[in-house]
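Listed here are the chains, written in short residue letters.
Number of protein chains: 2
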Amino acid sequence: MAALRHGGLRPLIQAGKRLSTPFAAAPRLSLSQSVTRSLSASSARMSSSFYPGEPEAPVLNTAIPGPKAQEKIAELDKVFDTRSLNMIADYTQSFGNYFVDPDGNKLLDVYAQIASIPLGYNNPALVKAAQTPEMIDAIVNRPALGNFPSHNWASILETGILKVAPKGLNQVFTAMAGSDANETAYKAAFMWRRMKERGGPNVEFTEEEMQSSMNNQLPGASQLSIMSFKTAFHGRLFGSLSTTRSKPIHKLDIPAFDWPQATFPLLKYPLEEHVEENEKAEAASIAEVEDLIKNYHIPPCAVIVEPIQSEGGDNHASPAFFRKLREVTAKHNVLLIVDEVQTGVGATGKFWAHDHWDLPSPPDMVTFSKKAQTAGYYFGNPELRPNKPYRQFNTWMGDPARCLLFRAIIDEVQRLDLVANTAKVGDYLYGKLEALAKKYPEEFKNLRGKNRGTFIAFDNPNRDQFIAKVKKLGVNIGGSGANAVRLRPMLIFEKQHADILLETLEKAVTSA
Amino acid sequence: MAALRHGGLRPLIQAGKRLSTPFAAAPRLSLSQSVTRSLSASSARMSSSFYPGEPEAPVLNTAIPGPKAQEKIAELDKVFDTRSLNMIADYTQSFGNYFVDPDGNKLLDVYAQIASIPLGYNNPALVKAAQTPEMIDAIVNRPALGNFPSHNWASILETGILKVAPKGLNQVFTAMAGSDANETAYKAAFMWRRMKERGGPNVEFTEEEMQSSMNNQLPGASQLSIMSFKTAFHGRLFGSLSTTRSKPIHKLDIPAFDWPQATFPLLKYPLEEHVEENEKAEAASIAEVEDLIKNYHIPPCAVIVEPIQSEGGDNHASPAFFRKLREVTAKHNVLLIVDEVQTGVGATGKFWAHDHWDLPSPPDMVTFSKKAQTAGYYFGNPELRPNKPYRQFNTWMGDPARCLLFRAIIDEVQRLDLVANTAKVGDYLYGKLEALAKKYPEEFKNLRGKNRGTFIAFDNPNRDQFIAKVKKLGVNIGGSGANAVRLRPMLIFEKQHADILLETLEKAVTSA
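Chains as they are written, first to last, in numbering that gives the first Met the number 0: chain R, 0 to 511; chain Y, 0 to 511.
One should not assume that every hint holds.
Selected chain Y positions facing chain R (Cβ under 7 Å, derived; list incomplete) [claimed, not checked]:
no.: 1; residue: A129
no.: 2; residue: N146
no.: 3; residue: S212
no.: 4; residue: K250
no.: 5; residue: A481
no.: 6; residue: N482
Per the computed footprint, the stretches of chain R lying under chain Y, defined by three or more beta-carbons under 8 Å from a beta-carbon of chain Y, are [to be verified]:
no.: 7; stretch: 76-84
no.: 8; stretch: 248-261
Pairs of lysine-lysine residues, derived as DSSO-like cross-links and limited to a Cα-Cα distance of at most 30 Å, are as follows [said to hold, decoys possible]:
no.: 9; chain 1: R; residue 1: K229; chain 2: Y; residue 2: K387
no.: 10; chain 1: R; residue 1: K438; chain 2: R; residue 2: K423
no.: 11; chain 1: R; residue 1: K468; chain 2: R; residue 2: K506
no.: 12; chain 1: Y; residue 1: K162; chain 2: R; residue 2: K195
no.: 13; chain 1: R; residue 1: K387; chain 2: Y; residue 2: K246
no.: 14; chain 1: R; residue 1: K229; chain 2: R; residue 2: K246
no.: 15; chain 1: R; residue 1: K471; chain 2: Y; residue 2: K67
no.: 16; chain 1: R; residue 1: K77; chain 2: Y; residue 2: K387
no.: 17; chain 1: R; residue 1: K67; chain 2: Y; residue 2: K449
no.: 18; chain 1: R; residue 1: K330; chain 2: R; residue 2: K293
no.: 19; chain 1: Y; residue 1: K437; chain 2: Y; residue 2: K166
no.: 20; chain 1: Y; residue 1: K279; chain 2: R; residue 2: K77
no.: 21; chain 1: Y; residue 1: K195; chain 2: Y; residue 2: K246
no.: 22; chain 1: Y; residue 1: K387; chain 2: R; residue 2: K246
no.: 23; chain 1: R; residue 1: K387; chain 2: R; residue 2: K423
no.: 24; chain 1: Y; residue 1: K77; chain 2: R; residue 2: K166
no.: 25; chain 1: Y; residue 1: K127; chain 2: Y; residue 2: K468
no.: 26; chain 1: Y; residue 1: K330; chain 2: Y; residue 2: K279
no.: 27; chain 1: R; residue 1: K387; chain 2: Y; residue 2: K423
no.: 28; chain 1: Y; residue 1: K127; chain 2: R; residue 2: K387
no.: 29; chain 1: R; residue 1: K387; chain 2: Y; residue 2: K229
no.: 30; chain 1: R; residue 1: K349; chain 2: R; residue 2: K323
no.: 31; chain 1: Y; residue 1: K77; chain 2: R; residue 2: K195
no.: 32; chain 1: R; residue 1: K162; chain 2: Y; residue 2: K67
no.: 33; chain 1: R; residue 1: K423; chain 2: R; residue 2: K444
no.: 34; chain 1: Y; residue 1: K349; chain 2: R; residue 2: K77
no.: 35; chain 1: Y; residue 1: K195; chain 2: Y; residue 2: K166
no.: 36; chain 1: R; residue 1: K162; chain 2: R; residue 2: K279
no.: 37; chain 1: Y; residue 1: K162; chain 2: R; residue 2: K67
no.: 38; chain 1: Y; residue 1: K166; chain 2: R; residue 2: K77
no.: 39; chain 1: Y; residue 1: K468; chain 2: R; residue 2: K349
no.: 40; chain 1: R; residue 1: K162; chain 2: Y; residue 2: K162
Hints were generated in silico from the structure; no laboratory data involved.
Don't be surprised by glycine CBs; every beta carbon is placed ideally from N, CA and C.
Just need the whole structure built from these sequences, with the hints factored in.
Below is the structure:
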């Protein structure tokens, strides 16, 4: 492959200067040549139709890391652990679906910072939101929200986070990232269950409870649990890690609570060829959940589940499975927490992935982070507000600056109808991948994510080498679980990007 | 007290407009009258000498909450728990040491968002930092720092967080808030101890360890502990809450690890009158620590301690105590984690409170948050980087936007020599409080924090009513522990602010 000269993408933000009209200022590129042209000379390329100014195709100037990136990595390594480093990026030069490294290599980004960039790099609408007086206020005057909320905090919530609240959930507790979003939801669950056991919100704590809680002992420290599923991922702090069951490397040496795990149904693909088997797997999983609720030695007060197990390898289950899970938890007075940290905010072709399930009653709590750029949990039942103040509390309780960014994201998602875009592009991409899977059944195994927007994955027996090859061809892509290649494009990923991705995947299979 | 008209403090940030020269733009106020004038008509008032434009004294227009605040609170209550609300603020109208509520009441803020505002509201230097292209980049292009760090991440760390790294600690792991800063430090401690037990970083995990870790069981999930002190506060997530021993309301109903706690020496005041007693209390505490290290049924691999127990009631110990704690932990190969979440960043008259101790060797880890506006832990020993990548990892690993703000804070602290200011003003304030304590021994009991900058506290038998009275007089102040009134001014708190505070405290004692 020819090493091409950097086409000179003009950065949206230039030193010392800010754009007042970002839409107009990001120019169309006229790249003289592109990497993917060599893949398919006949196809006409287009950049983003949402935000003009994006590259038309990946551009590779050097091997990755190139000489400039290598320098930067050596510098960083002196003060920061770089062993998990994949690429070093220059975000000031990145735009839309493309990210750029210090050597000017431009990659189509189908991993998007572990699924956490919703609208592309240097998105003009977000750049604008970052410059508002409200944002500057939120950055420099960070309040202790529980004690001294700002006069516009209700409005920030109502016009942002709560505007997209899942059906039936009209309250929110804000947090910082996925881990503490889940852990504060767990805390709400423990307090709720103990309140019920005590006989309601007005029953006072006993002296024994208060004293024993200070010693981390029963009855003050409750002996209850949170149930999760095998291969689940819910975060890496002590409570959330106790429910995470993804990989030993995430858990080794860290003390954990003796909490129960149920088997997540391991569906076989293609689904239509394994209907009966898969139904059995799901029924067995529900039976196991019910058995653990009834018999586990530390009773669960909540079950947490991802709509699609993401870090664990993109494991799906049917809407019927989740409806049964809602039924069985409700029947036993166990809360259902849906962890939408990775699936939320449009990627599955619905704003929330659990919108696909047609539940008889809403989940009790829904946690969010990543593409929301902030975090927290939604709830509806007022009993999930603890019976006294200061039980669910911390100094900052989230970050209004990040909540303002989420509001701007929501506005753009709605203005450009990006959830519909994801559904449409996802269907296109899935169809093409099905064709590839027929052609190369070994390399595109267990294709999954039909009707789930761009939240698509497949297994590849040499996954890590495959991903490395794809990167060398100019596309950044991620893995999950043992063998999965997971596609996590942004919401502004379009047919033309899907075409580049598809060609690159095929090229990675066919080239030496 | 007369209800005064709002003097019309011009906001630094106005809708739709940004200041290019914030220093020039914030006008001196010419208040026709002020609340505290009535306290001491003779004393000439001055606003901030660091950042002109601050009010000269508190101004009260209405009772708190006034009619506008009440409206805002009712609106907020529909979507957010307001039971811990103290005041609703309008930060766009606040400046320096004063915060303003929706009714235009201007309070001298000696609590500073639970000790987390370092340089005053709408600080011009921070407003400037919030407007830089680097900040906008950090807001809109948030990276997964472990996988795809930005080209300037090393530089952001080196010119910011690491520039003020405690002596002997040249590495950092960035986090989001105090709780996860502490919990990631705990994780590092567990991994370090197990690595030692295994025989070094190159010894592989056994199959049994890997499998049992997935079930939250020994030997993969280690049976080790973190030791903390009684009345300590280290956060509210599951691991940090297990080390928090402040109040039952923080801990009730939440499952906790069976970890050990040692007695924190309960010093008697004035210190010079209880020398022998206090030395005994400290020696007993150290003996208890050593006993728990040797005999606790779940062996501690680290001890975490606050330099001054803050939420727990401003409990101090002598530098000699902390030197012994360093010795005894080092002797038994137990790590010492110093939690500087509340004490760090200048408030005690040193940049880090543990700088007061003259330790024989540095702490193993130092955690920070609050006034840093970001969070994480410092460390020096390379063995505290886990032996494999992805063991200490999460999607965001902190927030570069907040790290950039900390850098701007550090620059201002150094430019204006604010740590020296805190030491000087603290000495002045402490001396005056000593005099008040002689005059009113019941109301200013156990005065503490001598030579600890403005990190001063005293006990008051009717603490909550006392604080409410002080607030009615125009000064916002906080409590901690059972009876403590804790002073937590910003680093730009000066003699003239101390005088207003002192007059108000006396007025609260003498008025009905």
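Right, here's what the structure says about each hint:
1. Hint status for Y/A129: holds, given a least beta-carbon distance of 4 Å to chain R, under 7 Å.
2. Because the beta carbon of Y/N146 sits about 4 Å from the nearest beta carbon in chain R, less than 7 Å, this interface hint is met.
3. Among the interface hints, the one on Y/S212 holds; its C-beta lies about 4 Å from the nearest C-beta in chain R, closer than the 7 Å criterion.
4. About 4 Å separates the beta-carbon of Y/K250 from the nearest beta-carbon of chain R, less than 7 Å, and the hint is met.
5. Checking Y/A481 against chain R: minimum C-beta separation of about 13 Å lies over 7 Å; hint violated.
6. Contact between Y/N482 and chain R, as hinted, is not supported at the beta carbon level, the nearest pair being about 17 Å apart and thus beyond 7 Å.
7. Taking a C-beta to C-beta cut-off of 8 Å, the stretch 76-84 of chain R contributes 8 residues in contact with chain Y, enough for the three needed, and the coverage statement holds.
8. With a cut-off of 8 Å between beta carbons, the stretch 248-261 of chain R has 12 residues touching chain Y; three or more are needed, and the interface restraint holds.
9. Of the supplied pair hints, the one linking R/K229 and Y/K387 holds, its CA atoms being roughly 23 Å apart against a limit of 30 Å.
10. At roughly 23 Å between alpha-carbon atoms, R/K438 and R/K423 fall within 30 Å of each other, so this suggested pair holds.
11. Annotation: proposed proximity of R/K468 to R/K506 holds, straight-line Cα distance about 9 Å (limit 30 Å).
12. For the proposed pair Y/K162 and R/K195, the alpha carbon gap of about 51 Å is over 30 Å, so the pair is violated.
13. Among the hinted pairs, R/K387 with Y/K246 is consistent with the structure: their alpha-carbon atoms are about 13 Å apart, no more than 30 Å.
14. Distance check on the hinted pair: R/K229 and R/K246 sit about 10 Å apart at the alpha-carbon level, within 30 Å; holds.
15. For the proposed pair R/K471 and Y/K67, the alpha carbon gap of about 60 Å is over 30 Å, so the pair is violated.
16. Between the alpha carbons of R/K77 and Y/K387 the distance comes to roughly 17 Å, so the proposed pair stays at or under 30 Å and holds.
17. This hinted pair does not check out: R/K67 and Y/K449 have alpha carbons roughly 52 Å apart, beyond 30 Å.
18. Distance hint between R/K330 and R/K293 is fulfilled; the C-alpha atoms sit about 11 Å from each other, no more than 30 Å.
19. Distance check on the hinted pair: Y/K437 and Y/K166 sit about 39 Å apart at the alpha-carbon level, beyond 30 Å; violated.
20. A C-alpha spacing of about 44 Å is found between Y/K279 and R/K77, which places the hinted pair above 30 Å, so the restraint is violated.
21. For the proposed pair Y/K195 and Y/K246, the alpha carbon gap of about 35 Å is over 30 Å, so the pair is violated.
22. Using a Cα cut-off of 30 Å, the hinted pair Y/K387 and R/K246 holds, with the two alpha carbons roughly 13 Å apart.
23. For a cut-off of 30 Å, the pair hint linking R/K387 to R/K423 is broken: about 47 Å separates their Cα positions.
24. Proposed proximity of Y/K77 and R/K166 is supported: the alpha carbons are some 17 Å apart, at most 30 Å.
25. Note on Y/K127 and Y/K468: the hinted pairing is violated, with a Cα-Cα distance of about 37 Å set against a maximum of 30 Å.
26. Between Y/K330 and Y/K279 the CA atoms are separated by roughly 21 Å; this keeps the pair inside 30 Å, and the hint holds.
27. Distance restraint check for R/K387 and Y/K423: the Cα-Cα separation of roughly 41 Å exceeds the 30 Å cut-off, and the hinted pair is therefore not satisfied.
28. Note on Y/K127 and R/K387: the hinted pairing is violated, with a Cα-Cα distance of about 40 Å set against a maximum of 30 Å.
29. This hinted pair checks out: R/K387 and Y/K229 have alpha carbons roughly 23 Å apart, not beyond 30 Å.
30. Only pairs whose Cα atoms come within 30 Å are accepted, and R/K349 paired with R/K323 is accepted, the gap being roughly 21 Å.
31. About 23 Å separates the Cα atoms of Y/K77 and R/K195, which keeps this hinted pair within 30 Å; it holds.
32. For the suggested pair R/K162 and Y/K67, the alpha carbons sit about 25 Å apart, so the restraint of at most 30 Å is met.
33. As the CA atoms of R/K423 and R/K444 are separated by approximately 23 Å, the hinted pair is consistent with the 30 Å bound.
34. Note on Y/K349 and R/K77: the hinted pairing holds, with a Cα-Cα distance of about 27 Å set against a maximum of 30 Å.
35. For the hint linking Y/K195 to Y/K166, the alpha-carbon distance of about 25 Å falls within 30 Å, and the restraint holds.
36. Note on R/K162 and R/K279: the hinted pairing is violated, with a Cα-Cα distance of about 38 Å set against a maximum of 30 Å.
37. Taking the CA atoms of Y/K162 and R/K67, the gap is about 25 Å. The hint holds against a cut of 30 Å.
38. In summary, the hint linking Y/K166 to R/K77 is supported, as the alpha carbons are separated by about 17 Å, within the 30 Å threshold.
39. Taking the CA atoms of Y/K468 and R/K349, the gap is about 52 Å. The hint is violated against a cut of 30 Å.
40. Of the pairs offered as hints, the one joining R/K162 and Y/K162 is violated, with about 42 Å between alpha carbons and a cut-off of 30 Å exceeded.
Of the numbered hints listed earlier, those contradicted by the structure are 5, 6, 12, 15, 17, 19, 20, 21, 23, 25, 27, 28, 36, 39 and 40.
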